[in-house]
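With the hints as your guide, set chain G onto chain C.
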Amino acid sequence: MTTKAEFLGGIREQMKRTLGRFAASSARRPEHPAAEAETIRRELAERWPETLDAFRREFESVGGVFHKVASVDAVPAVVSRIAREHDASELVAWHSAALGADLGPALAARGLDVHQMPDAEPIGVAERERLRAIAARADLGLTGVDLAIAETGTLVLVSGAGRPRSTSLLPPCHIAVFDRTALVESLRQVGVVLEAWHGDGAPPAAGAVINFITGPSRTADIELTLTRGVHGPREVHAIFVEQGIGG
Amino acid sequence: MSGGELATPFRQRAGGALKDAFLQEALTIATTKFIGLRQEAFEGFPEGEALRDQARAIKEATLQQLDRHLETLIGNVERLGGHVHYAATPAEARAIVVDIARRTGARMAVKSKSMATEEIHLNEALEAAGITPVETDLGEYIIQLAHERPSHIIAPAIHKTKGQVAELFSRELKRPAEADPEALTRIARGELREKFLQADLGITGANFAVADTGTIVLVTNEGNGRMVTSLPRVHVTVMGVEKVVPSLTDLMVFLAILAKSATGQKLSVYTSLIQGPRRAGELEGPEEFHLVLLDGGRIAQIGGPLREALSCLRCGACLNVCPVYRQIGGHAYGYTYPGPIGILLTAMLEGAPAVKDLAHASTLCGACADACPVRIDIPRMLIDLRREVDEKRIAPWTERVAFKLLARLLQHPRLYRFAARAGRVLQRPFASDGRISRLPLFFGEWTRTRDLPPVAPRTFQERWASDKDLRT
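Those protein sequence lines, which keep their order, are chains C and G.
Under the working numbering, the first sequence has 154 at position 154, and the numbering climbs by one with no breaks.
Plus 1000 on top of the position in the second sequence (first one is 1) and you've got the working numbering.
Chain C with its partners taken away, still in its complex shape (with noise of 0.2 angstroms):
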């Protein structure tokens, strides 16, 4: 078997023929990226209008399917008749205190039967596959947003505990609910944020995956007819709350 020795030795080798075929430097990284990041999002308080409104063109035209309450006690209804048009009963959530609410006595009211996702590391196999098989066979996913981007309409979804990747992903309808907080303009800006989360500043939640989600799962694969639902949401809804779902 070849080791990494070996392995960086042959690179090495191979480096040594040549100086490359232009000078050439990589991106700038930002130097203190959580200081951009901040920067960034107090500049986009004053014109978060804008960006919403490029945001929802943008998720529209990917398929997403936007919605916007004034308070994030007018969400459960939202949700509750997106479940009555699918006919649906069961939903996932990720845990109340990644939402940053706690809408499950809410909704449960509304007749749906809540499950909510332990913000904990679940005790044991038997447990994990408890959850997953729910997870499984929702109807609904209810999950937070960490970014909203607008030039593609993609929202960013940090996994980690009491946020399952599941959630987003098994259920055949996605809900996702967010506030101007998670916005943001463009992919340059979302590479400052990921440098910050990942350098001097706090990522929003410590899993292992970050998914960026630019509409409803498709393909095209059978002679290019646009098909939505393959393996992960057909629909995936946004909800947009105006005055923030803290408070």
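Take these hints with a grain of salt, some might be off.
Claimed, not checked - Straight-line distance between alpha carbons at most 20 angstroms, and here's what the computed SDA-like set of lysine to any residue pairs gives:
#, chain 1, residue 1, chain 2, residue 2
1, C, 16, G, 1033
2, G, 1162, C, 225
3, G, 1162, G, 1179
4, G, 1195, C, 132
5, G, 1195, G, 1173
6, C, 4, G, 1091
7, G, 1392, G, 1405
8, C, 4, G, 1092
9, C, 4, G, 1242
10, G, 1195, G, 1175
11, G, 1033, C, 226
Said to hold, decoys possible - To spell it out: a stretch of chain G is covered by chain C in this simulated footprint if at least three of its residues, at any positions, have a beta carbon under 8 angstroms from a beta carbon of chain C; those stretches are:
#, stretch
12, 1027–1040
13, 1069–1075
14, 1148–1161
15, 1170–1184
16, 1262–1270
17, 1314–1323
18, 1340–1351
Stated by the list, open to error - Some chain C residues close to chain G (C-beta under 7 angstroms, calculated; not the full set):
#, residue
19, 4
20, 17
21, 20
22, 21
23, 39
24, 69
25, 187
26, 195
27, 208
28, 218
29, 225
30, 227
31, 230
Please keep in mind that the hints were generated in silico from the structure rather than gathered at the bench.
Note that CB positions come from ideal geometry on N, CA and C, so glycine has one too.
The following block gives chain G in isolation, referenced to the frame of chain C:
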């Protein structure tokens, strides 16, 4: 298939493709659609051109310090609890993955679309070891059921009709399937959902790997990449060494142009940044993560003539615009990677003899270089390859002699003028209606599929010489 001659020569494979009426139509529709989508995406994106330049520079800069970036990547993957393996050859890569599968007691492996695992023929090796590999990208699933190979980098089953897929599903899955993409997709969803939940092992490639953070980046539209990396106990990534990028900032430059070049989307539906195995508190994610770094001929090109091909993002844009690919499709190329970039990658991975015919399967029109998001100069390297197969005497002797004579002729004006005069006489039996449609002997190869213009009654040189007095 690796290294050796294919059973049928390229000409025969291409000829078969040209006679396949459905394939011809499917290719035209697919490639034309992709071209349009790509153009639209970049038209609405004025910063695209600058980002393409930047992406190219990042790839070159990364290669210039590849050892350092790989070391950083390895260090970070291991720090996060992952394991890194080193595969000099496809055989070694296969052995590593099979060994991981055996050790972890895996019986079934779900795979998201990966050209690297196609390249090393991993599925055959898994099957031989008693592990069932399941392709989960819909297109790959279809061709796996049909025991075929992908015909396009990003649309592996474009050569199949919905009718053929329906027939295939009813035969292989033993259930009725109607010839409707929506219904067929639903069937595949059901079948594959079971597999995702059962499989012990998830196998992926990588679109990028971020050295700075030890992050593997997977881009899919279907969500199968997320399934494969979230549900099984073990995740293995097989990745060519050239896929590493230094930082998250660099990554964003590539993400901004990759999907636009491939399918015309601003971003693909799912981009997953995966940093090692499951963390404390997480419900899903693998307990074990393995990264297999693959050489397979790449490393020898860092200082070699095909270096620039190491920048390829596998977007497929050059296939769609290539007048040769558009006619013959992916299978006729005969190797894992089709199209203009595929010829270069085949030479890189299989050696120059493998492309002695393929090196000529290009008009050198340059459309590929224009379409390439990182501006790889594919035509230049194709010309170099042609020279190499000639110089290494891989090309047939007739071809080598013909080109040698031609080179002589073009270098000596007197000889050239003489040849023009001689040609005018010798062509008489073959020229009619102002063209030569048939030449004798092996010259006939040239006129088999195209006409040759005859030598003019008065050549330009002759006119230039005799009209000298008229020019003042």
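Hint check results:
{"no.": "1", "hint": "16/C <-> 1033/G", "verdict": "violated, 44 angstroms"}
{"no.": "2", "hint": "1162/G <-> 225/C", "verdict": "holds, 10 angstroms"}
{"no.": "3", "hint": "1162/G <-> 1179/G", "verdict": "holds, 5 angstroms"}
{"no.": "4", "hint": "1195/G <-> 132/C", "verdict": "holds, 14 angstroms"}
{"no.": "5", "hint": "1195/G <-> 1173/G", "verdict": "holds, 13 angstroms"}
{"no.": "6", "hint": "4/C <-> 1091/G", "verdict": "holds, 17 angstroms"}
{"no.": "7", "hint": "1392/G <-> 1405/G", "verdict": "holds, 17 angstroms"}
{"no.": "8", "hint": "4/C <-> 1092/G", "verdict": "holds, 14 angstroms"}
{"no.": "9", "hint": "4/C <-> 1242/G", "verdict": "holds, 16 angstroms"}
{"no.": "10", "hint": "1195/G <-> 1175/G", "verdict": "holds, 17 angstroms"}
{"no.": "11", "hint": "1033/G <-> 226/C", "verdict": "holds, 12 angstroms"}
{"no.": "12", "hint": "1027–1040", "verdict": "holds (count 3)"}
{"no.": "13", "hint": "1069–1075", "verdict": "holds (count 3)"}
{"no.": "14", "hint": "1148–1161", "verdict": "holds (count 6)"}
{"no.": "15", "hint": "1170–1184", "verdict": "holds (count 3)"}
{"no.": "16", "hint": "1262–1270", "verdict": "holds (count 7)"}
{"no.": "17", "hint": "1314–1323", "verdict": "violated (count 0)"}
{"no.": "18", "hint": "1340–1351", "verdict": "violated (count 0)"}
{"no.": "19", "hint": "4", "verdict": "holds, 6 angstroms"}
{"no.": "20", "hint": "17", "verdict": "holds, 3 angstroms"}
{"no.": "21", "hint": "20", "verdict": "holds, 4 angstroms"}
{"no.": "22", "hint": "21", "verdict": "holds, 6 angstroms"}
{"no.": "23", "hint": "39", "verdict": "violated, 16 angstroms"}
{"no.": "24", "hint": "69", "verdict": "violated, 25 angstroms"}
{"no.": "25", "hint": "187", "verdict": "holds, 5 angstroms"}
{"no.": "26", "hint": "195", "verdict": "holds, 5 angstroms"}
{"no.": "27", "hint": "208", "verdict": "holds, 5 angstroms"}
{"no.": "28", "hint": "218", "verdict": "holds, 5 angstroms"}
{"no.": "29", "hint": "225", "verdict": "holds, 4 angstroms"}
{"no.": "30", "hint": "227", "verdict": "holds, 4 angstroms"}
{"no.": "31", "hint": "230", "verdict": "holds, 4 angstroms"}
Of the numbered hints listed earlier, those contradicted by the structure are 1, 17, 18, 23, 24.
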